[in-house]
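Trainee: Could you build the full structure based on these sequences and the hints that come with them?
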Amino acid sequence: MPISRPTRRLLLASMAAAAAAPMLGGPAAALTQAQANELIGRVMADVQGIINSGSSESQVITRFEQLFTRYADVPTIARSALGPPARSASAAQMSAFTEAFRGYLARKYGRQFRRFAGAAAEVTGARQVQSFWEVVSTITMRGEAPFEVRWHVSDRSGQILFFNLIIDGVNVLAAERQEVGSMLERRGGNLDRMIQDLRQAG
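Using mature numbering (1 follows the signal peptide of the UniProt record, and there is no 0), the letters of the sequence shown correspond one by one to residues -25 to -1, 1 to 177.
None of these hints come from the bench; they were simulated from the model. Don't take every hint at face value.
Calculated lysine to any residue pairs in the SDA-like style (CA-CA distance at most 20 Å, straight line) [what the hints assert, rightly or not]:
(1) Lys83 with Ala66
(2) Lys83 with Ser31
(3) Lys83 with Val111
(4) Lys83 with Asp172
(5) Lys83 with Ile141
(6) Lys83 with Ser132
(7) Lys83 with Gln10
(8) Lys83 with Glu32
(9) Lys83 with Asn27
(10) Lys83 with Leu6
(11) Lys83 with Gly24
(12) Lys83 with Asp143
(13) Lys83 with Ser28
(14) Lys83 with Gln23
(15) Lys83 with Gln41
(16) Lys83 with Asp21
(17) Lys83 with Gln171
(18) Lys83 with Glu13
(19) Lys83 with Pro50
(20) Lys83 with Glu154
(21) Lys83 with Ala71
(22) Lys83 with Gly29
(23) Lys83 with Asn146
(24) Lys83 with Asn12
(25) Lys83 with Val22
(26) Lys83 with Ala5
(27) Lys83 with Thr44
(28) Lys83 with Thr37
(29) Lys83 with Leu159
(30) Lys83 with Glu40
(31) Lys83 with Gln153
(32) Lys83 with Val145
(33) Lys83 with Gly163
(34) Lys83 with Arg174
(35) Lys83 with Gly118
(36) Lys83 with Ser157
(37) Lys83 with Tyr46
(38) Lys83 with Gly156
(39) Lys83 with Thr73
Mentor: Next up, the structure:
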């Protein structure tokens, strides 16, 4: 059954998380368009390989966690998703939150992305934006009009990694930050309690 565009947008807008451009200071002169394109090509190929593999849900989740570890700037993504509370969190709390958040992302998208099996994806362009590259890809699902996914790629961490997504016009940073903020608010601002619960969320 085809997934409607609003449903798809809602699903993808809940995605994982990312960092805002202002967080990335300094030039990205060392990072080339070809390198950014190559990273995203590998990410998309790996995602397709996972969701088309016919693996069990637990295997898919494990492989998605490996994918986030390999290709995403998870510490930056986690800090951005947590927002202002990250400034007052201890180093131990940030480490625990980052680990829990990585698992949360893997469970969330490992489960949700299985419905995108069979979709075609290709890199169609790129442009430099401030201190990073925005790589544009086109996703085509059966029975759906193609839509764009824009990947934000930086080497600020010392590695070439993606740190944000804009999917069909929806910036996933805002969605994940809202989700994490709501989780924290429901726990009275208790970060340790939220981290404990995040380990089971997704």
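Trainee: Has the given pair, lysine 83 with serine 28, been kept, meaning a C-alpha gap of at most 20 Å?
Mentor: Satisfied, since the Cα-Cα distance of roughly 18 Å is no more than 20 Å.
Trainee: For the pair supplied as a hint, lysine 83 and glutamine 23, is the alpha-carbon distance within the 20 Å limit?
Mentor: Given pair lysine 83, glutamine 23 holds - Cα atoms ~16 Å apart, limit 20 Å.
Trainee: Checking one constraint from the list: CA of lysine 83 to CA of glutamine 10, max 20 Å. Satisfied?
Mentor: 28 Å, violated
Trainee: Holds or violated: lysine 83 and serine 157, Cα atoms, limit 20 Å.
Mentor: Cα-Cα ~16 Å, so holds.
Trainee: Quickly compare the C-alpha distance for lysine 83 and threonine 37 to 20 Å and report which way the hint goes.
Mentor: 12 Å, holds
Trainee: Compare the distance between the alpha carbons of lysine 83 and glutamate 40 with 20 Å, and conclude whether the hinted pair is satisfied.
Mentor: 10 Å, holds
Trainee: What's the verdict on lysine 83 and alanine 66, does the C-alpha distance respect the 20 Å limit or exceed it?
Mentor: The given pair, whose Cα atoms are some 25 Å apart, is violated under the 20 Å limit.
Trainee: Next pair to validate is lysine 83 with glycine 156; report whether the Cα-Cα distance is within 20 Å.
Mentor: 17 Å, holds
Trainee: Please work out if lysine 83 and leucine 159 have their alpha carbons no farther apart than 20 Å.
Mentor: 18 Å, holds
Trainee: Measure nothing beyond the straight line between the CA atoms of lysine 83 and tyrosine 46; if it is 20 Å or shorter, mark the hint as holding.
Mentor: Holds: lysine 83 and tyrosine 46 sit about 17 Å apart, inside 20 Å.
Trainee: Does lysine 83 pair with valine 22 here, judged by a C-alpha cut-off of 20 Å?
Mentor: 14 Å, holds
Trainee: Can you confirm whether the C-alpha distance between lysine 83 and threonine 73 stays at or below 20 Å?
Mentor: The hint holds at about 15 Å.
Hints 1, 3, 6, 7, 10, 18, 24, 26, 33 and 35 from the list above are not met by this structure, while the remaining hints are.
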